[in-house]
Amino acid sequence: MGNPSCRPADYTGQDPSWCPGCGNFNILKALQNALAELQIPPHQALLCSGIGQAAKMPHYMRTNGFNGLHGRALPPAVGARVANINLKVIVTSGDGDTYGEGGNHFIHTIRRNPDLAHFVHNNQIYGLTKGQASPTSEQGMKTKVQPAGVMLPPFPPLSIALTMGAGFVARCFSGEVDHLKEVMKEAISFPGYALVDILQPCVTFNKLNTFAWYKNRVVQLKDHDPADRHEAARLARRWGDEIPIGILYREKNPRATFESQIRALQGEPLVYRPFDPGALQSLQDEFI
Amino acid sequence: MDINIVIGGAAGQGLETIAYLLSKSLVRMGYGVRTSRDYMSRVRGGHNFSRLRISADSPMAAAEQIDILVALNEETYDLHRDFLTANGRVIYDPDSFSLPESESRGTPVQLQALAQEAGGAIMSNTVATGAVLVLLGMDTAAAEKLLVEEFTGKEGVAESNIAALKAGYQAASKTCSACFELPAQNRKPASQIFLEGNEALGMAALASGCRFLSAYPMTPSTGIMDYLAGKQGAYDVVVEQAEDEIAAINMALGASYAGVRSMTSTSGGGFALMTEGLSLAGMTETPLVIILSMRPGPATGLPTRTEQGDLDFSLYGGHGEFARAVLSATSLEDAFYRLNKAFDLAEKYQIPVIFLSDQDFADTSRSLAPYDFARLRYDRHLLETWESRPRYQRYTFTENGLSPRAFPGQFPGETVLADSDEHDEDGHIIEDAETRKKMVNKRLARLELLAAEMDEPLHYGAHEPDLLLVGWGSTYGALREAVDILALKGNNVALLHFSDLWPFPAKTLTELLPRVHKSFCVENNATGQLAKLIKGQTGLSLDHHILKYDGRPFLPADIVREVKIHG
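Chains S and D, in that order, give the protein sequences. Using our numbering, the letters of the first sequence map in sequence onto residues 106 to 393. Using our numbering, the letters of the second sequence map in sequence onto residues 4 to 570.
One chain only, chain D, in its complex shape (with noise of 0.2 Å):
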């Protein structure tokens, strides 16, 4: 059985602590473990939650029901009592706030008078922590473990966190210990890792030999910056903050011009102003990579939710007309190959890659095996050497329009000449007809090679269904369970999920849509941007969207519920 865990509170409680030390346990332990956030665009105040689920395998999407809720606050059980199990328990502070005396599901902790007497009211998520341990039927050797790692050097505060766990554990075992089963351990202990979308971005982009990041801060794309900063020193990488966007794109630009690989991370309204660099990628033919981390727009939108809103937008912004690639983050399993992909197509095609992530993607953690870096390729697909020739021409003609690439100071002697003007093959400004002509010719010819890159749709469930759900990027998880749900329940259903979107892999869906008797294309924003760039490139129509767009990430019921009206 899967156990589902809400932790809730106001911003500065230390929900996330919370989060943290049971996560992080429980994955030591061997249970497979998904943690998602969601939170208000402040640091203080509001309602803010964690939403934590524990099965055998690790869980690809959250669920709606709740077994054991965190009530930090009032307002916490409030909101979610709605969706609390019959079995339920509610954690809360008798002295915060009362239950309603029809609710029988309390587990009353003084969780800040019991964080007092071991050393401080700050502590009143780790009295929490220990509460939900016992429900779990746990003991708080991985937590206290955790505690020790994370305050070392802090001298007593391991040790009062850890007396504050064991006030909580003790308090919480009065009304029910051992009160859920948790599911069966399918991994060895200690085998497994758990990380966040953003941390398996930034440790692709590291691995992929990504020496130079230039970006301005902008949620949800900050902790790709925040890993990668890390790093520094450690290993061969700059992260330099940008005074905005505009030289955020151009200044990674410049590094990739001069030979190294380079990246830049935003959001939609960073990328709207990196849209003029995207373009002038596209003219000089400089590799670049963007992490776009969607955010509801337009404008400031809802800075600390999640959208599918900006797919138009990285395939169409930028101006002018230029060849481009643009992939999405669908799990965390893929996501780590694929940026590695993108650095590759980036240097491999001399073009900018826009790899589109989102807020629930960047901020959801799961447990999963550890990656394979042998499986990372890392081939920097530039001229080895020089000879012959009277000189090094940047922008030579060649037969797929791809031209040898050298950086400056490469090769003595030779220059290397980059031109945001339409140009010749030296990189010189022209204006003529017939060469501006070949240029475009030239830096389009090699979309044709591209499109030959990008992998088909991955198929899940039913191989002749008669329902077919339709996605891409981060609601991958929910889909999947979605299908699952659905088939469980009779259904011949299956998904077909696109990680690669540009230049749009069509083959596999022009085969299976036609036989289908009916088609759902299930996307997080308002407008159906997926459905539409199926019809531009096919001509074929879904027959449902399903579209969700309040700044929340779906859920596996939420598409089932629409999946029955509309089936």
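Bound-form chain S, shown alone (with noise of 0.2 Å):
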């Protein structure tokens, strides 16, 4: 069996049913563009989804697939790892899905330290259901559901991630395509949790955070030190007329992963280990 081949054509799915315009689709090409760069083979990379447009992701690319359930994203990307210490393993999903239904996954997710990349695509809108609130919209925005404005304040996913202890916290716009790009390599690269939380404009239901919006106002981080925690917490909370995209922190030595710590996924996967039930007879000696 021939080394299969990791050009970015080789990652092309089904043909996208995303509105023109919309930011999924730069998201989309920085991954196709992040794998092959990497030299993974759609065989040996997995991507998780839950349900949104941005959870179509694996129908839209060529890897290995798990489209499972609003929110549940995370939870088969744990198992999966599990399952195959092998896989590079992508997660890849709304802020709706990710934020909203998923919250508790996302909050144990990052304790439990797996190495995975999260690549949450934040329009700060539900698109598939039609342009309700979600978990990051702006406060007051008006919406069919939230005729008076949002009153519940935007949740923090950055802020979150790095109280949480996430060792890699990541922002990029869609609009900057090759950055995003880049970051995604390095989230990909990095052992253990990654959160890239990617600004994308959803040009059909969210009138307000527009392409334009988010172009006048992100500003790619220069001198700044991502091992600096409390810089980067700092940066996690600006938001207004300058939003600061880039690696916000990566942990310099980073902690032990979640796999890492369980002896029996030393070694081999576990799923390529031969097993035989019959010599597993001494099992019982215990209860004699």
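Derived from the structure by calculation, the hints contain no laboratory data. Values in this document were obtained by computation on a predicted structure and should not be read as measured data. Idealized CB from N, CA, C, for every residue including glycine. Among these hints, one or two may not hold up.
As the list claims (entries may be wrong) - Far from chain S, by Cβ distances over 12 Å, these chain D residues were calculated:
hint	residue
1	97
2	184
3	262
4	302
5	305
6	320
7	403
8	427
9	452
10	454
11	540
12	541
As the list claims (entries may be wrong) - Below, a sample of chain S positions facing chain D; criterion: calculated Cβ distance under 7 Å:
hint	residue
13	145
14	151
15	180
16	385
Reconstruct the complex from the two isolated chains, following the hints.
Here it is as structure tokens:
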């Protein structure tokens, strides 16, 4: 069996059904290029997603894919890592899926620290259900369901990730595709849980946070030491006229991953180990 | 003659240690022993008790009468005295409470004081164990050995416990020595195993090649998690305590999709959270075993007690229509192999399999002959080679609806896509009517093959009975003994007992039921869920329902009484 090739075109899946101009197109392109440049062949990558426009990524890519339930993108990804530590696991889903329906999994996966990259397509709106507030919508934003404006303050993913001890926390903008690709590569290569919150315009439903709105505000980080946790926490809170993008935090000495602390996961992936029930007869000795 | 012992007291008094020392000593000597637990959902106080039954062969049910009552507090005596036999004995601490003057069956033993002398009041339970041993006419050798095994590495602890044991033995011998005659020792010494339901299920999972358990602790299923967690490191198994049951089932599905045999375990409330994931297993055709260890609901119900209240839920839980199998734990002898069958069916048919247990099964220990691990099946039913065709498709249409299953990374260049949306053969989202219909048919077609795998109910007792008892799951032991008692009293009676429940194996019942005079459906629930299933699947009704829904398991006497009234 030859080595499968890793050109960007090798990761092409179905034709996307996103709206023209959707920020997801650039995220798709950045991910295909990132995998190609990292030389991770399609059969060794696994994309896990939940439900939403962003969660359709596994269909528009050619890699392994587990397009599961709304809010449940992370748990299958953790299970897949247990089964096969050789798989590069990437979770790609939206803001509603990750921060709303899947909030509990988000918090506890950071604590668990499995080796996976988590790309959240954050358009601050629900697209698939046509325009309701998401956990990251701006306070006061009016929608059909929130006619008087959103009452709740927005969910702060980066601050929460930092507080929970995530070793890699980044923010990107889909309009800066090369920058996004480079950050994705870093996230995929980081040993442990890596969050990239990707700002992305929803051209159909979010009339507030438009492409121009983001474009005029995002500023790539320069002269920032990503090992500086306090500075990262300060940057994570910055929102408004200027929104910093880039790697806010990358742990200098990454803490032990979930997988590395489990004895049974050292060595050959579980999925490839042989098994013979007959050899386990002695299990019952303790009951004699 | 059988001997029945009840050990009762408050949570935290060490009742289980007494039961364990006695049971294990007896089992090692070759007696048949059954030990069950009745406990409250609290860590301290309340009234808890263990029932211990000793027979020549392993007892399958508990009995109502009590020969030896170990009353660690007065409440235990008050609650159980009516069931004490005429020649029974009550072991109690006279410094703690007194028995009524009319009570002649007392064996006073200063449990606290003697324990204190031996080294600490905490060993009162060991003193009580010594007292029971002398009443049974046993020596203390086996129990001493167990204490040494238990406390290895803890300096002096085994020695002081042995002193406590002997002190209790001495003290009780003053009132009564060997006043009970033990049954025959039908087994050779050290030839039997003694374990509880949860341990048997945990061991069966491990020996079936289950390598991942993700679960959230919930009584009465937690013992399965405890067992497998203890095997990590020494065996290729990973146990992860998930943040909730939703994560638990989705993690297990992720691992199964990625090629590893996986399982989750829970009780009713956790299963409620899992139903979304159950449906995902159906849609994505991902094999999964779910042990549903039932307790009385609704909602939090009675957390530490037993009920067969979730049969309906296991059959119908989950949105949409998809294939599943439902099996149940009937006896320790059978459940070990049946859980192995659950793993096999899950992968052979790419479906979720729900395995029903309950508190009574989970927490009851019995002596039995060791299992034969060579009988366990291990076939992953995976695609073994890949060649020639243009690309691997996870959901290829086939005649029987089963698509060859590969896992991610198995074949270089090939990818595996699973999807919770309706999908095409590649696993890509579709909405067209024709593909949708074909996919539904594909997912349901396997039910026919699956039905052929279901075991008919076990037929116990008369071949052509007048009276027929019908049951399922953990009530097997009580029902079997009820049949024995009724037969001894001259009734022509039999039991049909279901282990496999869905797809419903209807053949034996359909043939037998119309020929009997009177039939009884015996269930540990309030609405007769098996009877409803039978009616729905066969159109046949049973004459009477014997239902128990007070959170307690059936005793054979409960069933015999009801049959006599309505038979």
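Status of each hint after checking the structure:
no.: 1; hint: 97; result: holds (37 Å)
no.: 2; hint: 184; result: holds (26 Å)
no.: 3; hint: 262; result: violated (4 Å)
no.: 4; hint: 302; result: holds (20 Å)
no.: 5; hint: 305; result: holds (27 Å)
no.: 6; hint: 320; result: holds (15 Å)
no.: 7; hint: 403; result: holds (25 Å)
no.: 8; hint: 427; result: violated (10 Å)
no.: 9; hint: 452; result: holds (24 Å)
no.: 10; hint: 454; result: holds (26 Å)
no.: 11; hint: 540; result: holds (31 Å)
no.: 12; hint: 541; result: holds (36 Å)
no.: 13; hint: 145; result: violated (11 Å)
no.: 14; hint: 151; result: holds (5 Å)
no.: 15; hint: 180; result: holds (4 Å)
no.: 16; hint: 385; result: holds (5 Å)
The structure shown violates the earlier hints numbered 3, 8 and 13.
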